[in-house]
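**Q** Listed below, chain by chain, are the residues.
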Amino acid sequence: MAKQLKTLEEVTIRFAGDSGDGMQLTGTQFTNTVAALGADLATFPDYPAEIRAPAGTKYGVSGFQIKFGSTDILTPGDTCDVLVAMNPAALVTNVKILRDGGTIIVNEDAFNDKNLKLANLSTNPLEDGSLARFNVHRVAITKMTAGALADMNLSTRMVDKTKNFFALGLMYWMYNRPIDGSVKFIQEKFGKKDAEIAEANVRVLKAGYNYGDTTEVFTTRYDVKAAHLPPGTYRNIMGNVAAALGLIAAAKKANLELFLGSYPITPASDILHELSKFKEFGVKTFQAEDEIAAITSAIGASYAGALAATTTSGPGLALKTEAMGLAVILELPLVIINVQRGGPSTGLPTKTEQADLLQAVVGRNGEAPMCVISASTPADCFEVAYEAARLAVKFMTPVIALTDGYLGNGAEPWRIPKVSDLKDIPVTFASDPKTFQPYARDPKTLARPWAIPGTPGLEHRIGGLEKADITGNISYDPDNHHVMIKKRAAKIDGIANDIPDQKIEGEPQGDLLVLGWGSTYGAIKSAVDAARADGLKVSHAHLRYIHPFPKNLGEIFGRFTHVLIPEINNGQLITLIRAKYLIPAIGFNMIKGLPLRAEEIESKIEGILGGKTNG
Amino acid sequence: MAKQLKTLEEVTIRFAGDSGDGMQLTGTQFTNTVAALGADLATFPDYPAEIRAPAGTKYGVSGFQIKFGSTDILTPGDTCDVLVAMNPAALVTNVKILRDGGTIIVNEDAFNDKNLKLANLSTNPLEDGSLARFNVHRVAITKMTAGALADMNLSTRMVDKTKNFFALGLMYWMYNRPIDGSVKFIQEKFGKKDAEIAEANVRVLKAGYNYGDTTEVFTTRYDVKAAHLPPGTYRNIMGNVAAALGLIAAAKKANLELFLGSYPITPASDILHELSKFKEFGVKTFQAEDEIAAITSAIGASYAGALAATTTSGPGLALKTEAMGLAVILELPLVIINVQRGGPSTGLPTKTEQADLLQAVVGRNGEAPMCVISASTPADCFEVAYEAARLAVKFMTPVIALTDGYLGNGAEPWRIPKVSDLKDIPVTFASDPKTFQPYARDPKTLARPWAIPGTPGLEHRIGGLEKADITGNISYDPDNHHVMIKKRAAKIDGIANDIPDQKIEGEPQGDLLVLGWGSTYGAIKSAVDAARADGLKVSHAHLRYIHPFPKNLGEIFGRFTHVLIPEINNGQLITLIRAKYLIPAIGFNMIKGLPLRAEEIESKIEGILGGKTNG
Amino acid sequence: MAETTATAKMTIKDFQSDQDVRWCPGCGDYSILAQVQRVFPEFNHPKENFVAISGIGCSSRFPYYMDIYGLHGIHGRAPAIASGVKLANPKLDVWVATGDGDGLSIGGNHMIHMLRRNMGIKVLLFNNQIYGLTKGQFSPTSQMGQVTKSTPMGVIDPPFIPVSLALGAGATLVARTMDRDPKHLQEMVRRAENHQGSAFIEIYQNCSVFNDGAFFLYTEKESRDDHVVYLEHGKPLVFGKNKEKGVRLNGFTPEVVSIADGKYSVNDLLVHNEKDGTLAFILANMIHDPELPRPMGVFTALERPTYESMMVQQIAKARSKRGEGDLQKLLEGDETWVIQ
Amino acid sequence: MAETTATAKMTIKDFQSDQDVRWCPGCGDYSILAQVQRVFPEFNHPKENFVAISGIGCSSRFPYYMDIYGLHGIHGRAPAIASGVKLANPKLDVWVATGDGDGLSIGGNHMIHMLRRNMGIKVLLFNNQIYGLTKGQFSPTSQMGQVTKSTPMGVIDPPFIPVSLALGAGATLVARTMDRDPKHLQEMVRRAENHQGSAFIEIYQNCSVFNDGAFFLYTEKESRDDHVVYLEHGKPLVFGKNKEKGVRLNGFTPEVVSIADGKYSVNDLLVHNEKDGTLAFILANMIHDPELPRPMGVFTALERPTYESMMVQQIAKARSKRGEGDLQKLLEGDETWVIQ
Ligand SMILES: Cc1ncc(C[n+]2csc(CCOP(=O)(O)OP(=O)(O)O)c2C)c(N)n1
Ligand SMILES: Cc1ncc(C[n+]2csc(CCOP(=O)(O)OP(=O)(O)O)c2C)c(N)n1
Ligand code: SF4
Ligand code: SF4
Ligand SMILES: [Mg+2]
Ligand SMILES: [Mg+2]
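Residue numbers (the working numbering), protein chains in the order written: chain H, 1 to 615; chain S, 1 to 615; chain F, 1 to 340; chain X, 1 to 340.
Hints in this document: simulated from the structure, not taken from any laboratory. Heads up, a few of these hints could be off.
Stated by the list, open to error - Straight line, CA to CA, 30 Å or less: simulated DSBU-like cross-link-like pairs of lysine-lysine:
#1 F:Lys317 to S:Lys192
#2 F:Lys135 to S:Lys434
#3 H:Lys184 to F:Lys135
#4 F:Lys241 to F:Lys275
#5 S:Lys3 to H:Lys537
#6 X:Lys135 to S:Lys189
#7 H:Lys503 to H:Lys434
#8 S:Lys192 to F:Lys275
#9 S:Lys192 to F:Lys321
#10 H:Lys580 to S:Lys537
#11 S:Lys486 to H:Lys580
#12 S:Lys551 to S:Lys503
#13 X:Lys317 to H:Lys189
#14 H:Lys580 to S:Lys184
#15 S:Lys394 to F:Lys149
#16 S:Lys184 to X:Lys135
#17 H:Lys189 to X:Lys321
#18 F:Lys149 to S:Lys434
#19 X:Lys149 to H:Lys192
#20 X:Lys135 to S:Lys58
#21 H:Lys225 to H:Lys143
#22 H:Lys487 to S:Lys423
#23 F:Lys13 to H:Lys193
#24 S:Lys580 to H:Lys486
#25 H:Lys434 to H:Lys394
#26 S:Lys189 to X:Lys149
#27 H:Lys189 to H:Lys277
#28 H:Lys114 to F:Lys135
#29 H:Lys277 to X:Lys275
#30 S:Lys394 to S:Lys423
#31 X:Lys317 to H:Lys184
#32 S:Lys193 to F:Lys13
Model, not experiment: these values are computed from the prediction.
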């Protein structure tokens, strides 16, 4: 049967199944294939805190959402067009975000009594009419998978484990994507250890693809053309991988060895995993006994002349608090990457949030200012990790780079920079015993010299007690203390002279400025674009630099009637903005462990501006 | 020779000597004697971080300042009237705060070449004319002490150790105070172990007193009458002792056992020491292996139904950060007393500061709001510890009580409350299995029930993962998370309904409101009183409640043209005030490890109001 | 302990909470949970006096599944939280559920301090030689060379021997058992319950997802008999399918001998003595020699006063000396004056 | 190690910093400092390769007084800071100065983890059985019953035996010495320097202000000979003023015997063997019996690869397999596409 081929500008698909169903793998494969054909995209993996909660339960559902298109893709989508649901629990927990008229592809074999019960369903949604407003395709995925492998003599468990590839194959067919990338992946991943498993997975993948081709159920295929991205070489990249690469790149450009002291914690662990792979770059990863040892070992490494970093998430950042204060007074370079997750306390460990901002900026004993910057998209994690390292060594200071669970696990196409185009990171270690003073400062940056053990003649001592200006000796002198506190603050404030002015997307003035930071970038931009399309005078500024703020920020506020600050927290950036600029900024705060929805921001914008015209 | 007796309204004396010279003991004795005669007073012990730095060095100098008078004594004095200096280092490091025309009493025997060198002095200040503007009395303290003990056959070291009592005796004579209190003290302290030492100390004390009486050098004695304090029974009390008593009193009134989990740290350790003395009150003090175990053991004790507290200072508070988040989400009562000291990091461990405020209010991962209150005078530490406990059990929340090194070690007369007059602290443990829900809330306070192990039928589990509203079961539901974050915040905000309105000292409106918190109370009040006496329209509001703020605070700001916020930090309360009330408050920040000086605040006030009339 | 509920005989059901158990299929944690639920009803005190405290990790979810009082704390801090619970109310029967990461990595310090204090708390250390909940990084008990998420070229950290560490810290009861030996596991739980003071039970636990089979040599039928020796007080160390082998001491060095070939008899073998701390250390270090069987059971069980009993005694002594505290007097202190 | 300075023979002066030493008069720390300053010049590497790391405490002020690279860290974290220094530059000769509070209370976990890893770091643990800097609270090595600022009725925490804890953690070199035995202290510093991996040296140190005389039984002339036994590899444990006594093993239990009265001779005595971990544990636990002399010296000295050497090896192996890393290739990853 000849099938139609329709071209779409963009589409959002969500894969959902049990934690053991391999949905993250399926999603990642689909993403890589889509990416390689040049579409723009954004992904959102959404999985439970349990490793593999009992099969069939709602809390065991693992989801992976991808939006891709030939347009500029800013978010993984507020709603989705297609839902692939491997069982009843996956269907019911995800159907709320499917748009009316959207497509559902279910593994109908999984809709048995046991699974319905596990999902707390009294009736079968495939039959009770509750899905009437969707376009439902019942596919016997389990059966067909088994069929494809009938002659292979595999255990049922094994067979069951391959069925995600059926769904993947079907989606490849439906969205007109080739399967060879995934075939190659399967062979590399399983082929060496177990050729039989590799063979089974490939067969099932093909079975899914062919099913699309042959069945009469599906009459249409969709094509999504390559996006008009700036020319260059691209790859698909997750935020945590990007952060890891950013650190390696910075070390290389600074001609330093990279040292990572870290302790595993979701959703930051992948940065540790990534960095541990690249020992040929001389990267030293030290999995410490806890977060305190992680950061203090990094401080030691920095003292000894490495580009030192530590990576963590909220509770781990909390544990590093005291040591961050030490790094501040020692004035040693240190990159602290905090991949924020839902709090307080253990909170929602696999979900995203932006609620560690104030902790990062002011949450230390004593006056302990440090630089805080933040990433806005997965690929931006590269830039931000790199920039954090650059600022850290230039200003001899710890720098916190904030990302979050959504950025860390999410992915997007990344235009790979040329190594030669990366900003220089010049480093000079002190070497002259005649002029050396541990706390003498560079007049421009106010940075003290970096004098590393092993350098003849520079033997000196530093520590956490207040130190005399210039000599760095212990000093309890009252006036000196005041001077040193002011100097440490001035050094960090002075970073404002080293960073670019804040840019605005949209008109430089207007009725409303939407100010954001971090992972809300895509959602805010979508919302602002939509509002502008509706004729509203709205612009968007997205902060990378939070402490210090860009120098022109106050002046920007002067050009807008209102300022709206959407955040996935209870109002943290807004506290800093109001305190510093005394403007009646308005907050928009949804703290649900999820990325903000562009739609909600847009209606908030309309509320403010509508309110205004009515008022 | 007949001596004159002059009456003074107030006088400030500073004792200064080596760390080993017993200056803290001397000061405390003098204070107790002065207090017992009904003068008002304030003290300021000021000692180095070293235990007993080498004798004679400047950094080894230990000081103790006391201001006392028949007037209302608010601070230990910006400057002093009398300096007792036991050696050259003590003289040179302290003479700057002696007022012109002030009196110096030096132990001239200590002004030998060795000590002058140790104090980095090339000439002898007693002879080089540098003390011309003071009234210098050279007293051969060492020699006279030795003389008094000549027949006792004591080692030189022993003799030397008693010489501080000579100075004390002399001051008793000079300020017309009886020596019997100190005689009794000496006998109790040394008498049991070593009657000879007791005898020696008493002799030297008397020798000092008699020296004043007989020498012709001193022609005048001074009398300071009792102050017009409100009627009642008084004692002299240090802030750390007051805090300890506040906790015991609260436990008694709440009918709970007091549990303290603590780890020693200057300047908070004395609260632990005090509480460990009162086992007959059933107080359990647990010196844990670190601050994390200190607070988490307290969380465990609170779960089990004790009134639980933990005490610390800056770096220790930093270490407790993660666990404080746990206490927030568990919604268990917990008192955290933080005796602030100079930071960042180890900073100035024996000096005072107010720079942990933002850490206390917002320095945690995730949205983890808790109540923060602060003490303004040493005796007020009692009230604040008590109030912290009351709020903690009433609202089922951790409460941070901030004091500081100056309050903790400083002393003042305290009108002892009647136990029966202390606010009630009603506590009801949950007991009914039929209605019990771990996270159901009291409609008024939003507090959840306190259900302690050992109660039949209430077996339940709590933890750091986000919990479902009402049931407290683990919940990853996005909407529930938002709801719970808002409820936790609303509960803390609601404390504003339980606390008194903010009071103002001075007119309820005017040109300038000076807003303070913590130990700056006395200095600000002195400054404001002085400015008012000069006719300026200034009032003073001093916050006890910082999170939440008193309900009427915003309205108060509306009644003043300017708001000035003096703090011993780089601007922390001001950040919270500006963010919340959007007022252009002005900061005054001196971060020298010392209490603020009333004089400096006063000139800041004049600067602002002068500037205004000129402008 | 005071009986505060009518104690109709309790059963396993009384200890099963209403929460779905959320471990992976095949996880060894299920067995540990089941054995504890089976043994707890035997213990002679009311159900409301049981408390389970944990940190963070798969293993630390344990309290949610027990229908007793429970607190799921923060990573590594369970021993400290539990200490507060026990000190506040020494009547409570306090258990800590922890993992090799929670209890020995981030929480190692609290663990050793709790053990040295002999706080009356029972520790179940789920040792799966991996970080389960964070998806497979090495732990302080992972083996040298083990490839994990964070060690693609293999672990270079020599592991702790948990039993040895506990002994070095001065623990009074130290034992080892396995998820797949329910009877023995139950017995160790009983031993813990009946011990005065801290009991430290290391449990070999299979993580079926990230470290499957780490202990199969000791837990599986085919190999268990030849690779495990059960420690029993006063009994010689005999093992093997047909009890044909034994452990003998050569100096301080244990060695395997046959007691079937006539050269050695059971009388030549090492006889276990729970009261001998040195012997316990020798047994703990048998792990270094792959030829030796892995000892299971109580390594040492010593009597020493508990921390909480000494705290209670000091309070009683203070009261007998100074009487019950009088708050008004306390507030007044030593020296007061009156202003009229 | 590369020689990067002209090495005119160094002297004690080369290791004295320009800072005034600020310990109390009579403090045992002075002697420890002096012995280290005396021995360091002997070591065969340039001065700029010495690094001293400390936490917080009186003892932790040590680095300020040594004219070498130094970092005075935060309380308890010296082993972790030092680990970072050593890993960043394994050529450095890294020393940790710590106290019984800093190194065993708040810092206990970092200490045991560093020891198990066999990180090439030398620890000088100043054990004065008290918190000095915070003015006299008990520490984890304070004695039961000791009255301190925080225990007016006496300590109820049974102390750690630091040597025992280190052994339990798997330390490779463990030793004990005293502030008042300069020669022996110097020798232990030398042993630490020459050891591959972690060296843990417990030093009995007198706090003249808050715990004066805690070790006088062992350190003072009158009593030392009868209460201290020096451990020497391959030598029997003889002690006493006239070398008339010895330590003999009765089973695993050490006992004091006279070798003067004819019943026992030197041949009956326990012979020290630094390579035997079990023996070290027995010696560590002699502390429990007040009749036994206190052993001083190297308890155990084992050879195991250092952590940093294994880390360096993995890097070398990765490079030999995959070549020196190419950053551009790394950024590109496995799959790229080009947009023109
Ligand atoms: C402060 C902090 N750091 C890190 C984590 C992340 N984390 C959770 S569990 C865990 C380790 C779990 O390992 P283990 O204790 O062996 O338990 P298992 O899951 O293997 O049973 C880690 C590192 C955390 N929750 N909190
Ligand atoms: C985080 C933190 N907690 C507590 C302290 C206070 N503190 C400083 S040193 C010390 C203990 C010192 O004891 P020890 O390590 O034995 O050293 P010593 O002074 O006896 O040489 C303590 C508790 C601190 N500085 N930082
Ligand atoms: S990850 Fe391992 S330890 Fe955790 S539940 Fe799964 S099988 Fe058990
Ligand atoms: S307090 Fe003790 S340990 Fe500290 S310097 Fe003084 S004598 Fe030494
Ligand atoms: Mg584990
Ligand atoms: Mg000590």
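**Q** Taking the hints in turn, state whether each one holds.
**A** Hint by hint, here is what the structure shows:
no., hint, result
1, F:Lys317 to S:Lys192, "holds (22 Å)"
2, F:Lys135 to S:Lys434, "violated (40 Å)"
3, H:Lys184 to F:Lys135, "holds (25 Å)"
4, F:Lys241 to F:Lys275, "holds (28 Å)"
5, S:Lys3 to H:Lys537, "violated (86 Å)"
6, X:Lys135 to S:Lys189, "holds (18 Å)"
7, H:Lys503 to H:Lys434, "violated (45 Å)"
8, S:Lys192 to F:Lys275, "violated (44 Å)"
9, S:Lys192 to F:Lys321, "holds (19 Å)"
10, H:Lys580 to S:Lys537, "holds (27 Å)"
11, S:Lys486 to H:Lys580, "holds (25 Å)"
12, S:Lys551 to S:Lys503, "holds (11 Å)"
13, X:Lys317 to H:Lys189, "holds (23 Å)"
14, H:Lys580 to S:Lys184, "violated (58 Å)"
15, S:Lys394 to F:Lys149, "violated (47 Å)"
16, S:Lys184 to X:Lys135, "holds (25 Å)"
17, H:Lys189 to X:Lys321, "holds (20 Å)"
18, F:Lys149 to S:Lys434, "violated (48 Å)"
19, X:Lys149 to H:Lys192, "violated (66 Å)"
20, X:Lys135 to S:Lys58, "holds (21 Å)"
21, H:Lys225 to H:Lys143, "violated (33 Å)"
22, H:Lys487 to S:Lys423, "violated (46 Å)"
23, F:Lys13 to H:Lys193, "violated (44 Å)"
24, S:Lys580 to H:Lys486, "holds (25 Å)"
25, H:Lys434 to H:Lys394, "holds (23 Å)"
26, S:Lys189 to X:Lys149, "holds (15 Å)"
27, H:Lys189 to H:Lys277, "holds (16 Å)"
28, H:Lys114 to F:Lys135, "holds (28 Å)"
29, H:Lys277 to X:Lys275, "violated (37 Å)"
30, S:Lys394 to S:Lys423, "holds (12 Å)"
31, X:Lys317 to H:Lys184, "holds (27 Å)"
32, S:Lys193 to F:Lys13, "violated (63 Å)"
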